[in-house]
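A.B. asks: Sequence:
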Amino acid sequence: YEIEVTDQGPVKLKYNYFGFEERSKLVSFSDGETRKRVNITLKRKVSDIKEAVITGEKEREKVPSIVKLDPKDFQALPSVGGGAVEDLLKLTGSASSNNELSSQYNVRGGNFDENIVYVNDFEIFRPFLVRSGQQEGLSFINPDLVRSVRFSAGGFEAKYGDKLSSVLDVEYRRPKDFGASAEIGLLGYRLHAEGTNKSRSLKYIAGFRQKSNKYLLNALPTQGQYQPLFRDFQIFTTYQPIEKWEFQFIANYSQNEFIFRPESETIRFGNIADTKQIRTAFEGQENDNYESIMAGIGTTYFDEERKLSLKLQASLYRSVEEENFDIIGEYFIGEVETDLGQENFAEVVSEYGVGTYHDYARNDLDATIFNIGHKGNWQKKDHFLSWGLKFQHEEINDEINEWNRVDSAGYSLQFSEEEVNLFSVLKTELQLASNRYTAYVQDLWNVGGANSRTSVLAGMRIGYWDVNKEFFANPRLTLSYAPKMKMQTNALGKLVESEKELILRLSTGLYYQPPFYREMRDRQGQINRDLKAQKSLHVVGSMDYYFPMWGRPFKFTTEAYYKHLWDLVPYDIDNVLIRYNAKNNAKGYAAGIEFRVNGEFVEGSESWFSLGLLQTEEDILDDFYWAFYDSEGTEVEQDASSVVDSARIEPGFLARPTDQRINFSIFFQDHLSNNENIRAHLGLQFGSRLPYGPPGQVRNRNAFRSPFYTRVDIGFSALLFDRKTKEIPESSFLNKFERIWASLEVFNLLGISNTVSYSWINDFNGRFYSVPNRLTSRRINARIQFRF
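The letter at position 618 of the sequence shown is residue 621 when you use the numbering used here, and the numbering goes up by one with no holes.
Read the hints as simulated data drawn from the structure, not as lab findings.
Fair warning: there could be bad hints in the mix.
Stated by the list, open to error - Distance windows between CB atoms, simulated: (1) Thr713 <-> Glu346: 31 to 39 Å; (2) Asp469 <-> Asn274: 48 to 56 Å; (3) Ile669 <-> Val14: 38 to 46 Å; (4) Lys179 <-> Arg526: 17 to 25 Å.
Said to hold, decoys possible - Restricting the straight-line Cα-Cα distance to at most 27 Å, the calculated cross-link-like pairs of lysine-lysine (DSS-like) are: (5) Lys71 <-> Lys590; (6) Lys179 <-> Lys378; (7) Lys393 <-> Lys179; (8) Lys71 <-> Lys15; (9) Lys314 <-> Lys214; (10) Lys310 <-> Lys179; (11) Lys279 <-> Lys472; (12) Lys217 <-> Lys314; (13) Lys247 <-> Lys206.
Glycine included, every Cβ here is placed at the ideal spot set by N, Cα and C.
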């Protein structure tokens with residue numbers, strides 16, 4: 004502050020501030036003195052503000068272990084997916100992914116198709132034909148609209164649907180006032196608006212997104228012209244005409260376009276002693292279009308006196324997908340000089356493989372899914388009863404026309420002297436119409452009263468599908484023991500005392516996953532209508548330990564689980580495309596343990612560290628191969644002249660495609676010590692090597708391991724403007740904004756080009772080469788966000 008006076012004084016200054024003692028000071032000037040600096044310190048009114056102690060009981064989770072995600076965290080996370088919920092989910096330790104371009108994730112040894120997603124109680128579906136993360140586009144979940152996120156990685160309640168691995172339950176906001184935001188960056192832009200009418204009986208929230216991965220895809224090894232464009236619009240509204248009734252409406256329109264004209268690609272692979280290079284020149288293009296629309300309506304009746312809630316809802320999902328590509332690749336395989344002493348070190352010294360492959364597809368798929376259902380909740384004393392019924396009708400029309408030609412050294416494979424053979428051909432038209440019926444009932448009650456330390460959640464889920472005529476009944480049970488937790492805070496809200504708390508849970512139950520169209524279609528393009536549900540028995544034991552550290556609350560969670568699997572449908576994964584065998588001819592298991600500690604390592608910002616250990620294997624019941632031996636019992640090739648004996652070998656248990664033994668992740672937030680408006684956000688993923696093998700070989704199925712998946716993304720954000728902290732003229736342009744944030748993000752900070760899948764190339768002599776398909780390298784992104 005600065006005060007101008009007209010004489011030499013003395014001048015009496017009074018200092019006062021709420022909660023502090025008032026002080027006065029006389030200031031005078033000596034002869035010739037024109038400026039004087041005055042500093043003063045006020046004492047707090049300790050006697051006037053007495054410490055208030057607030058004692059309460061923290062509401063504990065009485066259901067199977069649930070991970071709750073804060074919308075503020077995934078808004079700030081540096082994300083290739085544009086702040087998607089799934090990108091933060093991959094850092095929890097239970098979910099994992101080795102593809103930053105995809106929003107799909109694996110949970111405890113399961114694949115992408117084993118996870119169910121709900122938004123405001125409506126089940127969400129994804130496109131069927133997507134082959135790679137480059138084509139996938141936007142996740143359904145719009146982060147600008149989210150209010151809460153709940154995730155369970157196993158042992159979940161009977162009210163959730165029929166999947167083997169996990170459930171993601173997302174709820175969109177019901178706004179109380181008008182608000183809006185706009186964000187623009189190098190990857191696209193997002194807009195959102197929300198508000199109510201004057202009586203607040205009508206509430207709405209809507210968002211529009213447009214994204215282009217061109218900037219990222221130019222960092223891929225395959226050089227060419229990328230023209231991806233993904234856009235979607237969503238709206239969620241509620242209307243409450245009278246006190247006990249509410250009507251809901253949700254809608255989403257999504258359009259993903261992917262155009263790609265490849266030109267060339269150079270990839271080196273192998274090891275230090277044996278390094279090879281494959282150089283490919285391309286002709287042709289790929290043009291894919293995935294268009295979908297989803298709409299849902301619902302009405303809820305709630306009687307507060309009776310604590311009764313009844314809900315009726317219906318939804319329609321429609322998807323029209325086109326996949327068109329016609330690409331020729333001419334490749335040259337060469338040997339790279341690895342001797343450091345040679346002048347031509349790291350250069351190709353010889354080319355011993357030349358070939359051509361031609362991939363062609365004209366695939367069209369139309370899918371329509373309609374469902375209608377009822378849900379209810381009723382609380383009576385210490386019991387909370389839930390139930391539900393659902394009918395779902397599905398129609399799938401799939402036209403497949405794709406083939407592949409492989410030429411090695413001028414000879415088409417498979418070789419014939421009479422005609423030119425194609426390596427693979429798939430041409431068929433498929434239609435599938437079906438009806439599903441499901442129902443559930445469950446009860447949550449406290450054993451011994453409302454303040455009991457023990458609670459029980461028991462439920463039953465039943466279902467029937469008219470295609471395979473299979474009926475199922477899945478009982479599920481969770482036991483929870485949770486002692487009381489007391490907290491004491493002072494008048495400033497600072498935690499001064501906390502009783503440590505331990506919560507133990509044990510969950511078990513049956514989880515059946517009736518087949519969907521994707522599992523039913525085999526490698527030859529035929530539908531197996533007799534395919535049964537894949538089945539699993541979950542046993543999950545978990546512990547939540549709450550403890551104070553540095554005067555702030557922390558939580559340590561550990562979960563051990565075992566999943567017994569049977570009637571499995573074996574599959575292989577290529578990028579995000581899952582190819583099923585369409586047979587229930589496997590059994591398996593998944594077992595592991597997870598650790599997670601989260602809390603405010605930096606005051607005011609939640610972070611966590613997580614570690615997951617996993618092993619999952621399967622035994623394909625009807626697979627075998629022949630081994631051949633010479634007279635000394637040494638295994639030899641089948642066509643060797645020394646063959647005198649043979650044996651039929653059954654491989655037994657082998658690693659499943661998602662057998663990632665170690666998954667370590669960090670989500671960390673920090674800010675400057677003297678300025679909380681300048682923040683840093685870091686996401687780290689480390690995954691151990693995933694199994695893979697050459698296609699169609701029983702002996703070498705998943706016999707090899709890909710490199711580690713390691714990725715670090717870091718972002719820096721700064722609050723450029725906050726209307727609450729600055730006084731500005733009403734006529735100022737800035738007065739239109741509530742806040743302005745600017746962010747700078749570094750994707751793949753370490754510059755590691757991870758491997759997402761392998762392409763298998765063979766020469767005329769039958770030798771196979773596994774060529775890695777790698778992901779994006781380091782990229783920098785900038786974005787700015789305006790809040791109204």
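A.B. asks: Run every hint past the structure and note whether it holds.
C.D. replies: Results for each hint:
The beta-carbon spacing between Thr713 and Glu346, approximately 34 Å, falls within the hinted interval of 31 to 39 Å. With their beta carbons about 54 Å apart, Asp469 and Asn274 fall inside the hinted range of 48 to 56 Å. Distance hint for Ile669 and Val14: a CB-CB separation of about 57 Å, inconsistent with the stated range 38 to 46 Å. For Lys179 and Arg526, the Cβ-Cβ distance of about 54 Å falls outside the hinted range of 17 to 25 Å, so the restraint is violated.
Between Lys71 and Lys590 the CA atoms are separated by roughly 32 Å; this puts the pair beyond 27 Å, and the hint is violated. About 26 Å separates the Cα atoms of Lys179 and Lys378, which keeps this hinted pair within 27 Å; it holds. Restraint check for Lys393 and Lys179: not satisfied, since their Cα atoms lie roughly 32 Å apart, outside the 27 Å limit. Taking the CA atoms of Lys71 and Lys15, the gap is near 57 Å; set against the 27 Å cutoff, the hint is violated.
Straight-line distance between C-alpha atoms of Lys314 and Lys214 comes to about 35 Å, which puts the hinted pair past the 27 Å bound. Between Lys310 and Lys179 the CA atoms are separated by roughly 24 Å; this keeps the pair inside 27 Å, and the hint holds. Straight-line distance between C-alpha atoms of Lys279 and Lys472 comes to about 52 Å, which puts the hinted pair past the 27 Å bound. For the proposed pair Lys217 and Lys314, the alpha carbon gap of about 44 Å is over 27 Å, so the pair is violated.
With a CA separation close to 16 Å, the supplied pair Lys247 and Lys206 stays within the 27 Å bound.
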